[in-house]
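J.: Let chain A serve as the given structure and place chain B on it in line with the hints.
2 protein chains.
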Amino acid sequence: MNLLDRIQTFAQHNPFPALPQALYEPCDYILTLGGKRIRPAALLLGYQLFRDDVDRALPAAWAVELFHNFSLMHDDIMDAAPLRRGQPTVHTKWNTTTGILSGDVMLIFAYRHLMRIEPAEVALSLLKTFNRVATEVCEGQQMDIDFETRSDVSIAEYLRMIELKTAVLLGGALEMGALCAQAPTSDAHHLYEFGRLAGIAFQLQDDLLDTYGDPQKFGKQVGGDILQNKKTFLVLKTLETAATGDRQDLEQWLKTGAENPTEKVDAVRTLFDRNGIPAMVLAEKQRFQEEAFHHLEAVQVAETRKAALRQMVMDLFVRDF
Amino acid sequence: MNLLDRIQTFAQHNPFPALPQALYEPCDYILTLGGKRIRPAALLLGYQLFRDDVDRALPAAWAVELFHNFSLMHDDIMDAAPLRRGQPTVHTKWNTTTGILSGDVMLIFAYRHLMRIEPAEVALSLLKTFNRVATEVCEGQQMDIDFETRSDVSIAEYLRMIELKTAVLLGGALEMGALCAQAPTSDAHHLYEFGRLAGIAFQLQDDLLDTYGDPQKFGKQVGGDILQNKKTFLVLKTLETAATGDRQDLEQWLKTGAENPTEKVDAVRTLFDRNGIPAMVLAEKQRFQEEAFHHLEAVQVAETRKAALRQMVMDLFVRDF
Chain A
1 MNLLDRIQTF AQHNPFPALP QALYEPCDYI LTLGGKRIRP AALLLGYQLF RDDVDRALPA
61 AWAVELFHNF SLMHDDIMDA APLRRGQPTV HTKWNTTTGI LSGDVMLIFA YRHLMRIEPA
121 EVALSLLKTF NRVATEVCEG QQMDIDFETR SDVSIAEYLR MIELKTAVLL GGALEMGALC
181 AQAPTSDAHH LYEFGRLAGI AFQLQDDLLD TYGDPQKFGK QVGGDILQNK KTFLVLKTLE
241 TAATGDRQDL EQWLKTGAEN PTEKVDAVRT LFDRNGIPAM VLAEKQRFQE EAFHHLEAVQ
301 VAETRKAALR QMVMDLFVRD F
Chain B
1 MNLLDRIQTF AQHNPFPALP QALYEPCDYI LTLGGKRIRP AALLLGYQLF RDDVDRALPA
61 AWAVELFHNF SLMHDDIMDA APLRRGQPTV HTKWNTTTGI LSGDVMLIFA YRHLMRIEPA
121 EVALSLLKTF NRVATEVCEG QQMDIDFETR SDVSIAEYLR MIELKTAVLL GGALEMGALC
181 AQAPTSDAHH LYEFGRLAGI AFQLQDDLLD TYGDPQKFGK QVGGDILQNK KTFLVLKTLE
241 TAATGDRQDL EQWLKTGAEN PTEKVDAVRT LFDRNGIPAM VLAEKQRFQE EAFHHLEAVQ
301 VAETRKAALR QMVMDLFVRD F
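Chains A and B supply the protein sequences, listed in that same order. One point on numbering: in this note's numbering, the residue at position 230 of the first sequence is 230, and numbering is uninterrupted. One point on numbering: in this note's numbering, the residue at position 79 of the second sequence is 79, and numbering is uninterrupted.
What the hints contain is simulated information worked out from the structure, not anything from laboratory work. Among the clues, some could well be false.
[Said to hold, decoys possible] Once the Cα atoms are required to be at most 16 Å apart in a straight line, the calculated EDC-like pairs of lysine to aspartate or glutamate come out as: (1) A:128 with B:121; (2) B:128 with A:118; (3) B:128 with A:121; (4) A:128 with B:118; (5) A:36 with A:315.
[Claimed, not checked] Interface residues of chain A toward chain B, partial, derived using beta-carbon atoms under 8 Å: (6) 22; (7) 97; (8) 104; (9) 107; (10) 111; (11) 124; (12) 127; (13) 128; (14) 131; (15) 139.
[As the list claims (entries may be wrong)] Reference listing, derived: stretches of chain A covered by chain B, where coverage requires no fewer than 3 residues with Cβ under 8 Å from a Cβ of chain B: (16) 72-78; (17) 112-123; (18) 143-151.
Note that the Cβ used here is the ideal one computed from N, Cα and C, for glycine as well.
Chain A with its partners taken away, still in its complex shape:
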C-alpha cells in the first residue's frame, strides 16, 4: 500500500466521535476537502529513511495533518475567506462559533494521536518538536496579520514570517519522522532544515505563481495577491530594488481597490517585469531549494533510501514558469 493510502486508511479507522455532531462534522468536512497530505507524507518518508515499519508512525503523521487543518480552519475565519479548495469554508458553511470550536477540538485530537506513539520517550520528544512548531505557526500567523497594517516590512521579516507560518511545519513533520524512527539527533536536525528551507522555497514559488502561474494549472485566481494588496516577496523586492518612480507607482497601486482588476494586475505585473523581479524571486527560491537539498545529502543513510523523499519534494517544485 502506498503512503497516501496508508494515511487514508488510518484516518478511516480513527474517526472523530459521532457526537456532538455539530462539533465533529466540520472536522470531517475540512479533512475531506482534499489537500495533498504533504505534511503527513513527509513525516512517513522521513521515518522510512531509517526504518521500514512505517505504520508505527501513522498516528504522528495524522496528528500533523490535523494540526494543519486546525490552523486552516482558524486562519479562514481570520482572513474572512469564503472558499477553500472551491468549497465553502467551515465558518461560511456553518458559522464562526463552529469554526472556532471545531478547530479547537481538532488541535486537541492532534495531541491525542501524537501521544499514541511508543515508547513513551519517543512520544515526549515528538511532543516537544510539535509544541515548538505549533507555537511558531501561531507567531507566523500573527506576523502576517501585523504586516497588513505596516508599510515598512523588510524582506528579512517577510522571510521570517513565511518560515514560521508555513515552512517550520514541513520541517517539523520531517524531524518528527526521524524522531519516531529514533534516528540520530544530527539526522533529525538535517531533516528539519531540509523541510524548513524547502518550505521557504515553496512559499516563494507560490508568490511567483500567484502572479505568473498558468491559470489552467494554478487553481486560484491569478493575480489574487495583487488585488488584495498583499506584501508578497515580489512587492517587497520591488520596493527595495526599483527606481524611485516605479517604487512610487507600486505604492500607489497598493492603496487602490480592485475596481478594475485586469488593469491593476497588468500594471503591477508590468512594474515587476520592468525591474526584473521574477528572475530575482526565482533565484532566491533556487537558493533556498539548493540549501535544502544539501541538508538531505547530509543525512547519514544510503542514497537509495532517500529517493522517495527527494522525489516527493522535487515534485512540489514547478520547473516551468
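T.: Frame of chain A, contents of chain B only:
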C-alpha cells in the same frame, strides 16, 4: 508561601515571550483580570494529599489555568460577551482574530508547561487526563450551544452538559494533582469524582445565585439568566414539574425579549417560587455535594492531610441564600 502565592510566582517566572506583542499581550491581559485560580489550587491541594514538595506540580497547575483561560477567551467570542470580570473581553479590547489566535497559543502553552513534569511517564499520564478533559470541555461547550436552539432539553442532558463544560476540569485538575504525586490509581479516581461532582454542585449553585443571589455579593446582574432566556436547571425543573398553566406561562416568558427586565425577572421568579423550584435545586445541589465528599473520604490518606482541600472546596459553597 501559600499556594496562591506560589502560583503567582511561578507565572511571573514563566512569562509568555515578548514578541509578537499582539499575540502574547492578550494572554497576559486575560490572566491579570483576576479569577480565583481555583483549578490550579485544586491541583496543588490534590498533590499535597500525598507529597509535600508541591513546587514540582506547579507547571501542571499553571497548564490547567492556561487551559481555563484559553477556553474563556474563545467562549467569550462565541457568546459575544463584552465584559469579563468587569473588564473588556479580549475580542472586544482587540478583535475576534486576536481572540482566536491568542487563545490558540495559550492552549499550546498549556501543553508546553504540562510536559515539563518529570519523570516522563508522569508527564504522559497527565497528558492523557488533560486530553480527555480538554475534549470534554469542547463537547460541553457544543452541547450548551446546541441547547440554545432546542426546546426539548431534558434535565439529564443539562446535567451532562454542565458536567462536561465546567465540572470535569475541576475533577481533572484534582486527578492530575494525584498523578503528579504518583498516587494510587484508585485515589486519583476518587479525587476526579470529588471534583466532578463538586463541580456539578457549584454550577447548580450558580444557577440558583443568578436568580436568587444577593446583588451586593453576586458580582453579576441578578436575573441575567432569565433575561437571556437561558435554559438553566431552574427553568428545566419548572418545565418538568410545574402544572400546565405555569409551564405555559414560563414557555411564553422564554419567548419574550428583555424590554421590561424587572417585570420579567419578577414574573419568572414568582413562577419558580410558586412551584418550589429553589428548594428542589438546593436539594439536588446538596445531593451532588454530599456524593462528592464521599469520594474525598474514600481517598486513602490521613484525614489531617485532607483539611486544606476540604476547606477550599467548602469555601466555594455558599451557605445562605
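J.: All hints are to be evaluated individually against the structure, with a verdict given for each.
T.: Comparing the hints with the structure gives:
Under the criterion of a C-alpha separation no larger than 16 Å, the hint pairing residue 128 of chain A with residue 121 of chain B is consistent with the structure, at around 15 Å. A hinted pair counts as satisfied when its Cα atoms are at most 16 Å apart, and residue 128 of chain B with residue 118 of chain A qualifies at roughly 14 Å. Distance hint between residue 128 of chain B and residue 121 of chain A is fulfilled; the C-alpha atoms sit about 15 Å from each other, no more than 16 Å. A threshold of 16 Å between alpha carbons decides the hint, and for residue 128 of chain A with residue 118 of chain B the separation of about 14 Å falls inside it, so the pair holds.
For the suggested pair residue 36 of chain A and residue 315 of chain A, the alpha carbons sit about 12 Å apart, so the restraint of at most 16 Å is met. Against a cut-off of 8 Å between C-beta atoms, the interface hint on residue 22 of chain A holds, since the closest Cβ of chain B lies about 6 Å away. Restraint check, residue 97 of chain A versus chain B: the minimum CB separation of about 4 Å is within 8 Å; hint holds. A distance limit of 8 Å between C-beta atoms decides the matter here; for residue 104 of chain A the minimum to chain B is near 6 Å, and the interface restraint holds.
A hinted interface residue such as residue 107 of chain A counts as satisfied when its beta carbon comes closer than 8 Å to some beta carbon of chain B; here the least separation is about 7 Å, so the hint holds. The restraint placing residue 111 of chain A at the interface with chain B holds, with a minimum CB-CB distance near 6 Å, inside the 8 Å limit. The restraint placing residue 124 of chain A at the interface with chain B holds, with a minimum CB-CB distance near 5 Å, inside the 8 Å limit. A cut of 8 Å between beta carbons decides the hint on residue 127 of chain A: the least distance to chain B is about 6 Å, and the hint holds.
At about 7 Å, the closest approach between the beta carbon of residue 128 of chain A and any beta carbon in chain B falls short of 8 Å, and the interface hint on this residue holds. Because the smallest distance between the Cβ of residue 131 of chain A and any Cβ of chain B comes to about 5 Å, under 8 Å, the interface hint for this residue holds. At its closest, the beta carbon of residue 139 of chain A sits 6 Å from a beta carbon of chain B; the interface hint therefore holds under the 8 Å criterion. Counting residues of the region 72-78 of chain A whose beta carbon lies closer than 8 Å to any beta carbon of chain B gives 3, which meets the minimum of three for the stated coverage.
Coverage of the region 112-123 of chain A by chain B holds [criterion: at least 3 residues with CB-CB distance below 8 Å; count 5]. Residue count for the region 143-151 of chain A with a Cβ under 8 Å from a Cβ of chain B: 3. That meets the three needed, and the coverage hint holds.
Checked against the numbered hints listed earlier, the structure breaks none of them; every hint is satisfied.
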